[in-house]
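Visitor: What follows is the residue order along each chain.
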Amino acid sequence: MSQSTTVPPVSNPGQTTDPGLTAIRPRKRRKDSGGHGEDAGAPAPLWVKIAITLLCLLWIIPVFGLAITSLRDRTDAAAAGWWSIFTGPSQLSRLTVENYVQLFQQTDMARAFVNSLAITLPATIIPILIAAFAAYAFTFMEFPFRNFLLVFIVALLVVPNQVAFAPILNIYGQFSLNGQFAAAWLAHIGFGMALATYLIRNYMATLPREIIESAKIDGATHFQTFWKLIVPMSTPALASFAIFQFLWVWNDLLVALIFIGPGENQPLTVSLVSLLGQQGQGDQLLTAGAFFTMVLPILVFLSLQRYFVRGLTAGSVKG
Amino acid sequence: MTITILNAIIAVVCGVAGAVVLFYVLNKLTELLPSKPQELIKPYVFILPAFAALGLFLVYPFFQTLVYSFANADSTAFIGLENYTRLLSSPNFQTTLFNTFLWILIVPTFSIVFGLLIATLADRLRPTGEKVSKTLIFLPLAISAVGSVAIFRLIYNAVPATQNQTGLLNAIWVALGNEPVAFLQTPDFKLNSFLLMVILVWTQAGFAMVLLSAAIKGVPTDTLEAARIDGAGEGKIFFSIVIPQIRATLITVFITVLIGVLKTFDVVYVATNGGFGTNIIALNFYQALYVQRDAGAAAAIVVILMLVIVPFLIYQIRQFRAEEAAR
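From first to last, the protein sequence lines are chains A and B.
Mapping of the first sequence onto the numbering used here: position 44 corresponds to residue 44, and the numbering continues sequentially without gaps.
Mapping of the second sequence onto the numbering used here: position 256 corresponds to residue 256, and the numbering continues sequentially without gaps.
Bear in mind the hints are in silico, worked out from the structure with no lab data behind them.
Model, not experiment: these values are computed from the prediction.
Glycine residues also receive a C-beta, built at the ideal position from the N, C-alpha and C atoms.
Among the clues, some could well be false.
Computed list of lysine-lysine pairs in BS3-like fashion (alpha-carbon distance at most 27 angstroms, straight line) [to be verified]: (1) B/Lys36 <-> A/Lys228; (2) A/Lys216 <-> B/Lys36; (3) B/Lys236 <-> A/Lys49; (4) A/Lys228 <-> B/Lys28; (5) B/Lys28 <-> A/Lys216.
Covered stretches of chain A (in silico footprint by chain B; criterion: 3 or more residues with CB under 8 angstroms from a CB of chain B, positions within the stretch not fixed) [as the list claims (entries may be wrong)]: (6) 63-77; (7) 131-137; (8) 155-169; (9) 180-194; (10) 245-259; (11) 300-310.
The task is simple: from the sequences and hints, build the whole structure.
Guide: Below you can see the structure in the form of structure tokens.
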């Protein structure tokens, strides 16, 4: 399985807007990634373009609707749907950021944003190192029960984390951890560990074994080999898990509700749920708040999409 | 707020430094041993922290949950199989199970259908068009379930017929001369459940598309060329060459999405809280644990959830073994 052929060329749009570049790139990419259009240079048939444009519109219109609504005055939003900005030009000039101003004045969204960061960053970064050590042992060391333990990790990949809540709540209760950030950190470290180890190990298994053999001959210990050789070479896998875990923790509601709950430590998802609960008078805050919770993950996602895709496809698709 | 930020930074630094120091100390300790036992122990030292985390947060709780499932609401006395018999004989739980069955069948299927459709079509576009279209379809994966529900409220929303409809679906429906429908409150033919599934398909199709697109690009061009020379149409090529070649990926995607769906509780929790006949097993667990405060029933629900997952777990292990053998 080779990395390069399993990576679909999805990346940040807008990188290649230069028409000269796009004219050259098709043939080059086709050769690289083994795609199969009718003919490398020929444009796609019109029906393909129409079909995919319709699908893309279908997918993006809901987000667009939310973005527009979040910029509309409360009475405007209640009087007519967001699409009325296309029918009545006066509506367009009435767009305002007032909802966002109100959001930060009247709700605790700003604080929740900081809480979300405080929960997500440690819960993303800490498991990577722990998983990388385990992945190294599984890839480059021989030991009894190795395959059994590896299969055990694969099995744990599908175990629903619901099994953990009641027992862990009891343990946390004894240490007064419930409601603290640490409660969410530890839980996310535990729940993400199987995927982290699995993803990173799959990537390390594609690294050439001769490297570690020669490092051993040069007298390097496993600890040195890990730090100086394997970690730098595994950066794509580490980055891909980091993005995966970041999105997962940032967007998580269940762990946050159970281990942190509503209160001064609540993350954005919990705040947004409480806004959704008070329907009617707070509708303009809801749309602005919902859009606000999405900004950071969408930015992270768009800028690091290439790594994310690579991590998803490594190990699950034969190259 | 500054304190919270500082706190987080300290946690990151301490967590990472702590892990480094932990591994360093463990490593030094094993190096004190003579080289023979050292070689034997070192791998276990490297995997120890990972397995400690897995043991504490998945393995131990699994067995504890199994025990709780045979105990009463506050886990003070054993009541045998009562939690299970009570659940399985309750019409509400039967609806929940049936809904869950629909979810794990429909969401993965439609995610794959749309993912495959988009991957196939985008493969024929020029690179820029392919990138842009794939990014747009993939984007909802970055949006939380709570955010998705907030987005789809602007589509499913209903207001009295005397006012302008602010929900897109009702606006179209009313423009066609009908009365507005409160879609998420309509359990007829599982309409509301299906509309909630649409939300999850919307987020998961991009995931399916990425994996399937990689697989489609892996189909050898020679085979396709040969089929074209023999006069096979595009449809025939797709169904009798491409589909069989990407079969393994199709199954992987189906199972991955299916397991994701089984664990998902937030879409239904936020949209209807399981009302109007939309409950699913993962949400039912949360309600048992938090609303009814019945640890026994909650544990029994998790065990039932686990039982549903076991066949897929076995398949996953088999698949992994086969991949390892081919490595």
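Visitor: Decide, hint by hint, whether the structure agrees.
Guide: How the hints compare with the structure:
no. : hint                 : verdict
1   : B/Lys36 <-> A/Lys228 : holds (24 angstroms)
2   : A/Lys216 <-> B/Lys36 : holds (16 angstroms)
3   : B/Lys236 <-> A/Lys49 : holds (21 angstroms)
4   : A/Lys228 <-> B/Lys28 : holds (17 angstroms)
5   : B/Lys28 <-> A/Lys216 : holds (18 angstroms)
6   : 63-77                : holds (count 5)
7   : 131-137              : holds (count 5)
8   : 155-169              : holds (count 14)
9   : 180-194              : holds (count 10)
10  : 245-259              : holds (count 8)
11  : 300-310              : holds (count 5)
Hint check: no violations occur; every hint is consistent with the structure.
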